[in-house]
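Novice: This note's numbering applies: residue 30 is where the sequence shown begins, and numbers increase by one.
Errors might be hidden in some of the hints.
Claimed, not checked - With a cut-off of at most 20 Å between alpha-carbon atoms, the simulated SDA-like pairs for lysine to any residue come out as follows:
| id | residue 1 | residue 2 |
| --- | --- | --- |
| 1 | LYS162 | HIS89 |
| 2 | LYS47 | GLY102 |
| 3 | LYS167 | ASP111 |
| 4 | LYS38 | HIS89 |
| 5 | LYS162 | ALA76 |
| 6 | LYS173 | TRP115 |
| 7 | LYS47 | ALA76 |
| 8 | LYS162 | TYR70 |
| 9 | LYS162 | VAL122 |
| 10 | LYS167 | ASP137 |
| 11 | LYS47 | THR33 |
| 12 | LYS167 | GLN114 |
| 13 | LYS127 | GLU159 |
| 14 | LYS162 | THR106 |
| 15 | LYS173 | GLY147 |
| 16 | LYS173 | GLU144 |
| 17 | LYS167 | GLN150 |
| 18 | LYS173 | GLN32 |
Claimed, not checked - Label-pair distances were calculated between CB atoms; the ranges are:
| id | residue 1 | residue 2 | range |
| --- | --- | --- | --- |
| 19 | MET30 | ALA76 | 25 to 33 Å |
| 20 | GLY147 | GLY69 | 12 to 20 Å |
| 21 | GLN32 | ASN171 | 16 to 24 Å |
| 22 | GLU144 | ALA90 | 32 to 40 Å |
| 23 | HIS82 | GLN32 | 30 to 38 Å |
| 24 | PRO54 | GLN145 | 27 to 35 Å |
| 25 | THR165 | LEU85 | 14 to 22 Å |
| 26 | LEU85 | GLU159 | 34 to 42 Å |
Worth flagging that the hints you see were computed from the coordinates, not collected in a lab.
Cβ atoms here follow ideal geometry from the backbone N, Cα and C, with glycine treated the same way.
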Amino acid sequence: MNQTLGMYKQMGNEAFSKAVTNFAPYFATIDPTFTELRPGYAEVKFANRREVHNHLGTVHAIALCNAAELAAGTMTTVSIPDGRQWIPVGMTVQYLAKARTDMRVVADGASVDWEQTGDVQVPVDAFDAEGRKVFTAKITMNLK
Numbered sequence: 030m031n032q033t034l035g036m037y038k039q040m041g042n043e044a045f046s047k048a049v050t051n052f053a054p055y056f057a058t059i060d061p062t063f064t065e066l067r068p069g070y071a072e073v074k075f076a077n078r079r080e081v082h083n084h085l086g087t088v089h090a091i092a093l094c095n096a097a098e099l100a101a102g103t104m105t106t107v108s109i110p111d112g113r114q115w116i117p118v119g120m121t122v123q124y125l126a127k128a129r130t131d132m133r134v135v136a137d138g139a140s141v142d143w144e145q146t147g148d149v150q151v152p153v154d155a156f157d158a159e160g161r162k163v164f165t166a167k168i169t170m171n172l173k
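Let the sequences and hints guide you as you build the complete structure.
Specialist: Spelled out as structure tokens, the structure:
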């Protein structure tokens, strides 16, 4: 089993989430909580609170990007074969609606060939509390 996935299973959602934000402090700005992590799938939630708002009082676009990169990156870590590495090299995003509630961000890599090397596209979607998709992204990961 992948070391990161083993840590997730051993520590549980809350403790793992805190450990990740200690390791990569910028992610702490959204105060994320992993709700699921497995090869090919990651789900992260974060609360709609003032610290993630823009000037309109809605969830800031970059907070959504931050959560998307966290979900996609952690999923990539637990999906690639042991001994391999990755780095994000690009992200394209679409903001589909104003984000006004707590967010659920899903990286679904079921269609990604994790055995290949080079650039792969990792899809990520963000949903509001009513299940409406408010954001979508494709994060290009370079697999080595």
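Novice: For every hint, state whether the structure bears it out.
Specialist: Structure-based check of all given hints:
no.: 1; hint: LYS162 / HIS89; in the structure: 15 Å, holds
no.: 2; hint: LYS47 / GLY102; in the structure: 16 Å, holds
no.: 3; hint: LYS167 / ASP111; in the structure: 24 Å, violated
no.: 4; hint: LYS38 / HIS89; in the structure: 31 Å, violated
no.: 5; hint: LYS162 / ALA76; in the structure: 16 Å, holds
no.: 6; hint: LYS173 / TRP115; in the structure: 6 Å, holds
no.: 7; hint: LYS47 / ALA76; in the structure: 15 Å, holds
no.: 8; hint: LYS162 / TYR70; in the structure: 17 Å, holds
no.: 9; hint: LYS162 / VAL122; in the structure: 13 Å, holds
no.: 10; hint: LYS167 / ASP137; in the structure: 11 Å, holds
no.: 11; hint: LYS47 / THR33; in the structure: 14 Å, holds
no.: 12; hint: LYS167 / GLN114; in the structure: 19 Å, holds
no.: 13; hint: LYS127 / GLU159; in the structure: 13 Å, holds
no.: 14; hint: LYS162 / THR106; in the structure: 25 Å, violated
no.: 15; hint: LYS173 / GLY147; in the structure: 6 Å, holds
no.: 16; hint: LYS173 / GLU144; in the structure: 10 Å, holds
no.: 17; hint: LYS167 / GLN150; in the structure: 6 Å, holds
no.: 18; hint: LYS173 / GLN32; in the structure: 18 Å, holds
no.: 19; hint: MET30 / ALA76: 25 to 33 Å; in the structure: 30 Å, holds
no.: 20; hint: GLY147 / GLY69: 12 to 20 Å; in the structure: 18 Å, holds
no.: 21; hint: GLN32 / ASN171: 16 to 24 Å; in the structure: 21 Å, holds
no.: 22; hint: GLU144 / ALA90: 32 to 40 Å; in the structure: 33 Å, holds
no.: 23; hint: HIS82 / GLN32: 30 to 38 Å; in the structure: 36 Å, holds
no.: 24; hint: PRO54 / GLN145: 27 to 35 Å; in the structure: 31 Å, holds
no.: 25; hint: THR165 / LEU85: 14 to 22 Å; in the structure: 20 Å, holds
no.: 26; hint: LEU85 / GLU159: 34 to 42 Å; in the structure: 19 Å, violated
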